[in-house]
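The primary structure of each chain is shown beneath.
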Amino acid sequence: MLARVASEALSGLQGYPVEIEADVVAAAPAFTIVGLPDAAVQESRERVRAAIVNSAYEFPSRRITVNLAPADVRKEGPSFDLPIALAFLLATRQAQRGADGIAAVGELGLDGSLRPIVGALAVAESVRHRGLRGLVLPRANAAEAALVPGLEVYPAETLRAAVAVIEAGGGEAARPLLVERLLQHQADDDVDLADMVGQGQAKRAIEVAAAGAHNVLMIGPPGSGKTMLARRLPTIMPPLTVQEAIDVTRIYSVAGLLPAQQPLVVRRPFRAPHHTISSAGLVGGGGTPRPGEVSLAHLGVLFLDEFPEFRLSALEGLRQPLEDGEVTISRALSSVTFPARIMLVAAMNPCPCGFLGDRERECACPAHRLRQYVSKLSGPLLDRIDLRVEVPRVAPAERRSGGQSEKSRVVGARVAAARMRQLVRLAGTTTYANGHMTSRQLRRLCVLHGEAVALLDRAYERLRLSARACDRVVKVAQTIADLEGAPRIEAAHVAESLSYRARGIDGR
Amino acid sequence: MDAEEGVEAAGAPRCSPVSPRRLATCIWLARLASLRAGVVQYLVRQCDGTLGDVLDLEPGKIAALLARRGSAAACATRDGRTAAGESSSAGSGTAERRSERQQASGDAQEYVRLLRLGPLRPASRGATGTEAARSAVCWGQAAYPPALLQLHDPPPALFLAGAAPLPALAAVARHPVVAIVGARRPSPYGLEIAAGIAADLARLGAVIVSGMALGIDAAAQAEALAATAGADTLATVGVLGCGVDVVYPQANARLFAAVRRQGLLLSEFWWGVPARAWRFPARNRVIAGMSDAVVIIEGSERSGSLITARYSLDQGRDVFAVPGEAGRRLSAGPHRLLREGAHLCESAADVVAVVGPQLREGVAFQTAPGARAAAPLGGADRALAVLAALDDGEQTVDQLARSSDSTVAQTLSLLSTLELEGLVCAAAGGRFRRRRG
Numbered sequence: 154m155l156a157r158v159a160s161e162a163l164s165g166l167q168g169y170p171v172e173i174e175a176d177v178v179a180a181a182p183a184f185t186i187v188g189l190p191d192a193a194v195q196e197s198r199e200r201v202r203a204a205i206v207n208s209a210y211e212f213p214s215r216r217i218t219v220n221l222a223p224a225d226v227r228k229e230g231p232s233f234d235l236p237i238a239l240a241f242l243l244a245t246r247q248a249q250r251g252a253d254g255i256a257a258v259g260e261l262g263l264d265g266s267l268r269p270i271v272g273a274l275a276v277a278e279s280v281r282h283r284g285l286r287g288l289v290l291p292r293a294n295a296a297e298a299a300l301v302p303g304l305e306v307y308p309a310e311t312l313r314a315a316v317a318v319i320e321a322g323g324g325e326a327a328r329p330l331l332v333e334r335l336l337q338h339q340a341d342d343d344v345d346l347a348d349m350v351g352q353g354q355a356k357r358a359i360e361v362a363a364a365g366a367h368n369v370l371m372i373g374p375p376g377s378g379k380t381m382l383a384r385r386l387p388t389i390m391p392p393l394t395v396q397e398a399i400d401v402t403r404i405y406s407v408a409g410l411l412p413a414q415q416p417l418v419v420r421r422p423f424r425a426p427h428h429t430i431s432s433a434g435l436v437g438g439g440g441t442p443r444p445g446e447v448s449l450a451h452l453g454v455l456f457l458d459e460f461p462e463f464r465l466s467a468l469e470g471l472r473q474p475l476e477d478g479e480v481t482i483s484r485a486l487s488s489v490t491f492p493a494r495i496m497l498v499a500a501m502n503p504c505p506c507g508f509l510g511d512r513e514r515e516c517a518c519p520a521h522r523l524r525q526y527v528s529k530l531s532g533p534l535l536d537r538i539d540l541r542v543e544v545p546r547v548a549p550a551e552r553r554s555g556g557q558s559e560k561s562r563v564v565g566a567r568v569a570a571a572r573m574r575q576l577v578r579l580a581g582t583t584t585y586a587n588g589h590m591t592s593r594q595l596r597r598l599c600v601l602h603g604e605a606v607a608l609l610d611r612a613y614e615r616l617r618l619s620a621r622a623c624d625r626v627v628k629v630a631q632t633i634a635d636l637e638g639a640p641r642i643e644a645a646h647v648a649e650s651l652s653y654r655a656r657g658i659d660g661r
Numbered sequence: 009m010d011a012e013e014g015v016e017a018a019g020a021p022r023c024s025p026v027s028p029r030r031l032a033t034c035i036w037l038a039r040l041a042s043l044r045a046g047v048v049q050y051l052v053r054q055c056d057g058t059l060g061d062v063l064d065l066e067p068g069k070i071a072a073l074l075a076r077r078g079s080a081a082a083c084a085t086r087d088g089r090t091a092a093g094e095s096s097s098a099g100s101g102t103a104e105r106r107s108e109r110q111q112a113s114g115d116a117q118e119y120v121r122l123l124r125l126g127p128l129r130p131a132s133r134g135a136t137g138t139e140a141a142r143s144a145v146c147w148g149q150a151a152y153p154p155a156l157l158q159l160h161d162p163p164p165a166l167f168l169a170g171a172a173p174l175p176a177l178a179a180v181a182r183h184p185v186v187a188i189v190g191a192r193r194p195s196p197y198g199l200e201i202a203a204g205i206a207a208d209l210a211r212l213g214a215v216i217v218s219g220m221a222l223g224i225d226a227a228a229q230a231e232a233l234a235a236t237a238g239a240d241t242l243a244t245v246g247v248l249g250c251g252v253d254v255v256y257p258q259a260n261a262r263l264f265a266a267v268r269r270q271g272l273l274l275s276e277f278w279w280g281v282p283a284r285a286w287r288f289p290a291r292n293r294v295i296a297g298m299s300d301a302v303v304i305i306e307g308s309e310r311s312g313s314l315i316t317a318r319y320s321l322d323q324g325r326d327v328f329a330v331p332g333e334a335g336r337r338l339s340a341g342p343h344r345l346l347r348e349g350a351h352l353c354e355s356a357a358d359v360v361a362v363v364g365p366q367l368r369e370g371v372a373f374q375t376a377p378g379a380r381a382a383a384p385l386g387g388a389d390r391a392l393a394v395l396a397a398l399d400d401g402e403q404t405v406d407q408l409a410r411s412s413d414s415t416v417a418q419t420l421s422l423l424s425t426l427e428l429e430g431l432v433c434a435a436a437g438g439r440f441r442r443r444r445g
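Those sequence lines, one after another, are chains A and B. The first sequence begins at 154 in my numbering and counts up one residue at a time. The second sequence begins at 9 in my numbering and counts up one residue at a time.
Treat the hints with care, since some could be wrong.
As the list claims (entries may be wrong) - Computed cross-link-like contacts, SDA-like style, restricted to lysine to any residue with a CA-CA straight-line distance of at most 25 angstroms:
hint, chain 1, residue 1, chain 2, residue 2
1, A, K560, B, D413
2, A, K529, B, P196
3, B, K69, B, R30
4, A, K560, B, R410
5, A, K529, B, R262
6, A, K529, B, Q258
7, A, K560, B, S411
Hints listed in this document are in silico derivations from the structure and should not be mistaken for laboratory results.
Using the sequences and the accompanying hints, generate a full structural model.
So, in structure tokens, the structure goes:
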């Protein structure tokens with residue numbers, strides 16, 4: 154007898170439908186799975202057999218054939234365990250089908266318990282998209298799937314519980330979760346800009362960066378607070394919108410990084426990979442493409458400390474995501490696109506030993522090492538970093554005197570207002586922040602005051618700026634104007650913007 | 009201009025004509041000196057006179073002297089410098105002594121053979137198209153810088169490169185000449201001072217002489233070029249420790265091109281001769297010999313800059329040292345010179361004050377250019393507060409914002425305008441300071 158169960162598989166961040174067919178005939182005993190299964194799916198046979206026996210069902214001595222359709226796409230992972238077991242039980246009439254329209258995913262333990270899978274959110278979205286009514290899945294994934302509106306989610310802890318859902322054509326559905334509410338009720342961040350003493354210049358720089366979604370390069374000796382600053386950048390960025398939260402959660406879900414207790418990513422991601430990371434780890438890759446750190450930092454901050462120490466291939470791999478906001482990974486059989494709209498915060502020491510320009514210690518780097526250190530940062534990559542800021546070590550006296558620091562909430566409000574002005578100005582374009590403006594948009598949309606133009610010309614001449622550097626200055630000046638609520642770019646904005654260039658790295 | 013023409017054109021105008029044999033000897037000696045350290049010095053000492061006396065010797069006598077130098081070197085000799093150069097102390101066995109002797113007698117034989125061939129052409133080593141611009145001046149020719157004649161062992165010949173090398177060399181004689189030398193790996197402070205002094209002196213009509221090395225040398229020369237851009241004056245002369253057609257260090261390739269275009273490159277070493285450690289002290293002696301004053305900016309106690317300073321003192325030239333922070337390695341050199349009585353130099357004005365009155369006849373610094381006017385953004389009060397704060401030394405942006413009672417954003421934009429006006433500049437480590445020099 155033949156039985157079918159609807160299921161789902163993942164390709165990148167997308168779910169796609171897979172039909173599980175099971176056929177049981179009276180012939181020499183065998184259990185085969187066809188339809189391009191990978192090793193994990195092949196092993197599914199053993200898990201399914203044990204789970205069925207241990208759930209007090211019978212495993213008859215018949216010839217059992219399971220087909221995963223469509224048969225020409227490679228299937229992988231253990232998430233087909235549950236639908237295979239269900240199809241088998243239906244085919245052997247150990248279970249009766251109730252109402253249709255319920256898909257199933259889940260990994261089985263040998264004792265018949267259900268284990269969580271990755272990508273439950275994407276799976277649930279795809280099920281909903283197919284027009285199916287409900288989804289049976291492991292309880293640990295239920296909250297995540299419940300984020301999808303209009304889908305009945307049936308959490309199950311064991312194979313028997315899943316069978317009950319299928320037989321009844323429903324059951325006790327998980328309570329749908331409202332993304333808006335989850336976003337509202339998030340706890341305060343555990344870090345705040347006010348924690349940092351001093352560093353007014355660097356704080357101002359990350360405020361400007363957050364306001365215009367500009368990438369930043371911080372240059373300073375070890376221990377000056379570059380990492381602390383970067384970690385606080387997400388706290389002043391505008392909160393995630395509903396759609397953004399879903400997008401980020403989908404990536405974390407597929408990467409298997411969603412914390413058990415937290416169905417939704419509610420904060421802007423902050424990723425800080427170590428500089429020994431491979432190119433595939435940074436931008437994504439692998440036999441079956443997996444999202445890399447740039448995608449995990451989507452809509453958040455990617456912090457690369459010791460920037461010049463990263464592998465050249467990894468750094469060059471950043472160019473496409475910085476330009477396009479996404480990464481495309483092509484493989485022989487498929488090509489997958491992961492979103493990667495990040496704010497890059499790069500940090501480096503002023504020289505390999507870190508003490509160039511330090512007042513207490515002398516730098517011990519030979520000149521050629523210094524040149525090598527800086528030369529690893531290619532022009533095209535630096536061109537995509539609008540702000541460069543020096544982060545000096547805070548003197549002990551200054552650390553004590555401290556003074557009042559603004560809270561992240563206060564700075565965040567200014568940033569949000571500035572973003573709003575940009576949205577209005579950039580309405581009708583594909584960009585939403587100054588940092589992503591093309592030079593054509595720059596010329597069309599940015600209005601410079603006469604004095605600002607004069608100052609820019611003077612700077613162009615005296616500081617020998619390149620045309621690209623000039624574009625960067627205008628872009629950042631526009632953000633500064635937006636922060637101030639000014640209708641056009643004034644000379645003061647250009648002047649401040651000029652200070653965000655790195656003298657040691659771009660030449661003058 | 010063909011190389012040989014250069015030689016003859018240089019010899020043409022006034023002064024007693026140089027005999028072809030003497031010219032040939034000069035050029036041959038220059039070539040020999042490029043390969044063996046201290047040859048000329050040795051010959052001069054042997055005749056107990058000047059380079060002129062050596063050139064007046066019979067060829068056979070010179071050859072004999074050279075041959076004797078070989079055996080002298082073999083006996084591990086009074087002449088320390090001979091051994092110091094190419095065949096240094098490490099295991100000076102008999103084989104090495106023999107090769108030393110062979111070298112010397114080989115030199116002598118080559119000399120005699122070349123003399124028999126008639127007048128030597130400087131460009132005889134394969135005159136190709138690129139070598140057309142080559143030129144040289146020999147000892148005794150009018151174009152030879154008179155200042156160098158005061159050296160104990162002047163270079164027998166100078167090889168030149170530049171757009172118009174001979175007019176440029178003539179210009180050197182008509183202008184105050186100031187050498188600016190210092191550390192190859194200077195601090196940002198040193199670079200800033202070097203650039204400031206070089207720019208101001210160049211604007212005042214001085215020719216900045218330096219060694220085209222990394223660091224202070226390059227900063228001074230580049231800034232001198234930039235300061236006089238557009239003006240039709242000679243801003244800088246680069247004196248090399250290798251052939252004038254060799255670019256060393258490679259990192260300065262762009263500066264070499266610029267100096268070749270707008271200034272003058274000069275070397276006592278034969279074309280194509282690579283840079284070697286022993287040639288740099290020799291170069292420093294030429295730098296010192298050419299200059300009316302030498303400014304030393306940063307250097308350790310055993311640096312090449314100090315060698316230049318010693319040569320300058322030997323020549324009776326004024327030595328200036330720029331003080332650095334106490335206790336730093338790079339401050340040791342200049343501070344030692346100051347202790348020994350060098351002039352203290354904080355800006356171009358110090359050099360002008362001391363050297364100005366003693367300059368040669370018909371040579372003078374020009375009057376100072378007018379001060380630049382500045383109208384900084386964000387109000388004069390705030391600008392004055394910032395500048396006053398900077399008078400106490402380097403400050404971070406945060407410190408300046410506090411002392412001028414303004415926000416970081418306001419301070420940043422103020423600093424940018426002050427920087428464009430040349431009143432402040434960025435120091436290392438994110439600090440700012442008043443611009444000096």
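Sort out whether Q258/B lies within 25 angstroms of K529/A, counting only the CA atoms.
With Cα atoms ~19 angstroms apart, K529/A and Q258/B stay inside 25 angstroms; holds.
Would the pair K560/A and S411/B pass a check requiring their Cα atoms to be no farther apart than 25 angstroms?
holds (23 angstroms)
Holds or violated: K560/A to D413/B, with C-alpha atoms at most 25 angstroms apart:
Judged against 25 angstroms, a Cα distance of about 20 angstroms means the pair holds.
Is the Cα-Cα distance between K560/A and R410/B 25 angstroms or less?
holds (19 angstroms)
Is the straight-line distance between the alpha-carbon of K529/A and that of R262/B 25 angstroms or less?
holds (20 angstroms)
Would you check the hint for K529/A and P196/B, treating anything up to 25 angstroms between C-alpha atoms as holding?
holds (22 angstroms)
Is it true that the CA of K69/B sits at most 25 angstroms from the CA of R30/B?
holds (14 angstroms)
The structure fails none of the hints (numbered hints given earlier).
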